[in-house]
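Engineer: Sequence:
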Amino acid sequence: MSTDSRELLADHRVVTIKRMVEYVFHDYTGSLGIRLWNGDSMILGRPSPACTLVFNSPQVFRRLVLKQDLLQLAEAFIHGDVDIEGDLNALLAQRDHLQALQLSKGDRLNLMLAALSIRGNAARDAEEDEIHFGAATSRVLGLRKHSRTRDRNAIAFHYDVSNDFYRLWLDEQMVYSCAYFRRDDADIHQAQRDKLDHLCRKLRLKAGESLLDIGCGWGALICWAAQHYGVNAHGITLSQQQYEYAQQKIRMLGLQNKVTVELRDYRDLPPDVVYDKVCSVGMFEHVGIKHLPEYFQCVSRALKPGGLFMNHGITNDEEGWKPSVTTRFLQRYVFPDGELETISNVQRVMEHSGFEIWDVEALRPHYAMTLRHWLARLEGNHAQAAALIGESACRVWRLYIATSAAQFDRGTIGIYQILAVNGRGKPSGLPLTRDDIYQY
Numbered sequence: 003m004s005t006d007s008r009e010l011l012a013d014h015r016v017v018t019i020k021r022m023v024e025y026v027f028h029d030y031t032g033s034l035g036i037r038l039w040n041g042d043s044m045i046l047g048r049p050s051p052a053c054t055l056v057f058n059s060p061q062v063f064r065r066l067v068l069k070q071d072l073l074q075l076a077e078a079f080i081h082g083d084v085d086i087e088g089d090l091n092a093l094l095a096q097r098d099h100l101q102a103l104q105l106s107k108g109d110r111l112n113l114m115l116a117a118l119s120i121r122g123n124a125a126r127d128a129e130e131d132e133i134h135f136g137a138a139t140s141r142v143l144g145l146r147k148h149s150r151t152r153d154r155n156a157i158a159f160h161y162d163v164s165n166d167f168y169r170l171w172l173d174e175q176m177v178y179s180c181a182y183f184r185r186d187d188a189d190i191h192q193a194q195r196d197k198l199d200h201l202c203r204k205l206r207l208k209a210g211e212s213l214l215d216i217g218c219g220w221g222a223l224i225c226w227a228a229q230h231y232g233v234n235a236h237g238i239t240l241s242q243q244q245y246e247y248a249q250q251k252i253r254m255l256g257l258q259n260k261v262t263v264e265l266r267d268y269r270d271l272p273p274d275v276v277y278d279k280v281c282s283v284g285m286f287e288h289v290g291i292k293h294l295p296e297y298f299q300c301v302s303r304a305l306k307p308g309g310l311f312m313n314h315g316i317t318n319d320e321e322g323w324k325p326s327v328t329t330r331f332l333q334r335y336v337f338p339d340g341e342l343e344t345i346s347n348v349q350r351v352m353e354h355s356g357f358e359i360w361d362v363e364a365l366r367p368h369y370a371m372t373l374r375h376w377l378a379r380l381e382g383n384h385a386q387a388a389a390l391i392g393e394s395a396c397r398v399w400r401l402y403i404a405t406s407a408a409q410f411d412r413g414t415i416g417i418y419q420i421l422a423v424n425g426r427g428k429p430s431g432l433p434l435t436r437d438d439i440y441q442y
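Quick note: the sequence shown, position 292, residue 294 per my numbering, numbers continuous.
Since the hints were derived computationally from the structure, they do not count as laboratory data. Just so you know, not all the hints are guaranteed correct.
Unchecked claim - When the alpha-carbon atoms are kept at most 20 Å apart in a straight line, the in silico EDC-like pairs for lysine to aspartate or glutamate are as follows: (1) LYS292 to GLU246; (2) LYS147 to ASP267; (3) LYS20 to ASP89; (4) LYS292 to ASP274; (5) LYS260 to ASP199; (6) LYS292 to GLU264; (7) LYS208 to ASP437; (8) LYS251 to ASP270; (9) LYS428 to GLU358; (10) LYS208 to ASP189.
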C-alpha cells in the first residue's frame with residue numbers, strides 16, 4: 003500500500019469514528035473528553051471535562067461496537083489500548099449518563115456497518131485478552147465451585163499478589179477492609195486504627211478471653227486485640243503470603259504467647275475448640291451465597307452459647323449475584339467466585355443459623371472514603387507497583403478500586419457490621435445501651 007493510500011485510510015478511520023461518536027452522544031448530558039490516536043480531540047456534553055479517554059488505536063472502537071459490551075472498554079484500558087487522563091473517579095461518575103444512552107436497532111446496525119469499515123493490523127482482540135488474564139482465572143476455576151481447593155486458589159489469585167504491593171497502598175497495619183473515619187479529615191492510618199478499636203469495643207473484648215478471626219488477613223485485628231485488650235487471639239487464612247506476614251508480625255511484636263495464626267479453611271475448624279468471641283472482616287464475600295448457611299453454622303459451632311459474633315462485610319442492593327459488566331469484570335480479573343447478597347438476606351440466614359441480631363451498623367460512606375485513600379496511594383506509587391506486578395495488573399487494581407468507590411457512592415453495594423449473639427435469649431453480658439462503645 004502506498005503512503006498516500008495509508009494516509010487516506012487513516013483519514014477515513016478518523017472521520018468514521020468521529021461521526022460514530024457524535025451520533026451516539028448527540029443527547030449526552032454528562033461531560034467527557036475524547037482524544038484519538040492521531041491527536042484529534044472531542045468534547046462530549048458539557049465543556050471542561052474532568053476526564054479524557056485517550057484511544058490509542060482505531061480498533062478499540064471496532065471491538066466496542068461489534069461486541070457491544072462495555073467490558074471491552076475495561077479490557078482495552080487494562081492492556082493499554084485506552085488511557086485515562088484526569089480524574090478516574092470523574093469518568094466512573096459518568097456511568098449513569100452513559101447507561102442512559104438509547105439506540106434503536108437501526109442505529110446499532112448503522113454503527114456496526116461503520117465499525118466493519120475500520121481495518122488495520124494493530125488490533126488486539128478478546129482472544130488475546132484471554133491469554134493474559136482469562137487463562138489464569140480458568141486455572142483458578144477449574145474445579146467444583148467453592149470446593150476447598152478452588153476456594154484456596156481463588157484466595158491466592160487475589161491476595162497472594164505480593165505483600166510488597168499491598169504495602170504500597172494499604173495503611174501501616176495492613177488492613178484490607180473498610181476503615182472507620184471518626185473525622186472526615188483523618189488519614190487512612192488513623193481511620194484503620196479506629197476501625198480495629200471499633201470492632202474490639204463492639205465485641206466487648208476482655209483480658210483473658212479467646213477470640214477467633216476468620217479470614218484474618220495480615221494479622222492486624224488479632225494483634226491489635228491482644229495488644230490493647232489482652233485477649234488470646236487465633237486467626238485463620240487461606241493465603242500463604244498473608245500467613246507468612248502475620249507470623250512475622252506476631253514474632254516482631256513479641257505476641258507468640260497471645261496470638262496464633264494458621265492456614266485453615268473455616269469448614270475445617272476443629273469441633274472441640276470453642277471461642278468466647280468470633281470476628282470475620284471482609285471474608286464472607288468469598289463464601290458464596292449458597293454456602294452462607296454452612297458458613298454461619300460453622301461460626302456457631304466455634305462460638306460458645308451466648309458468645310458474640312461480629313460479621314463485617316460487603317452487601318449488594320439486589321438479591322442474588324446476577325451477571326453484569328461489573329460482576330464479569332470482578333469474576334475474571336479480581337475476585338473469582340466472589341458473590342454479594344442483600345443485608346436482609348444475610349441477616350435472615352444468620353437468624354436461621356441460630357444467631358440473634360443485636361446491632362447492625364452501615365458504613366457505606368466510610369468505604370467510599372477508604373477506597374479513595376487507597377486509590378490515591380496506589381497512583382502515587384504507580385512506578386513501584388508496576389515494577390512489582392506489571393502495568394496491566396496495576397490498571398486492573400486502579401479500575402477495581404475506583405469502580406468500587408463509585409458503587410459505594412451510588413449505594414449499589416453497601417458495607418455492614420452485624421453484631422450477633424450465638425443463641426436467642428442466651429445471656430451475652432451485653433449492656434443495655436451502646437454508650438460504652440463511644441466512651442473514649
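Engineer: Would you list, in rising numerical order, the hints stated earlier that this structure does not obey?
Structural biologist: Of the numbered hints, 1, 3, 4, 6, 8, 10 do not hold.
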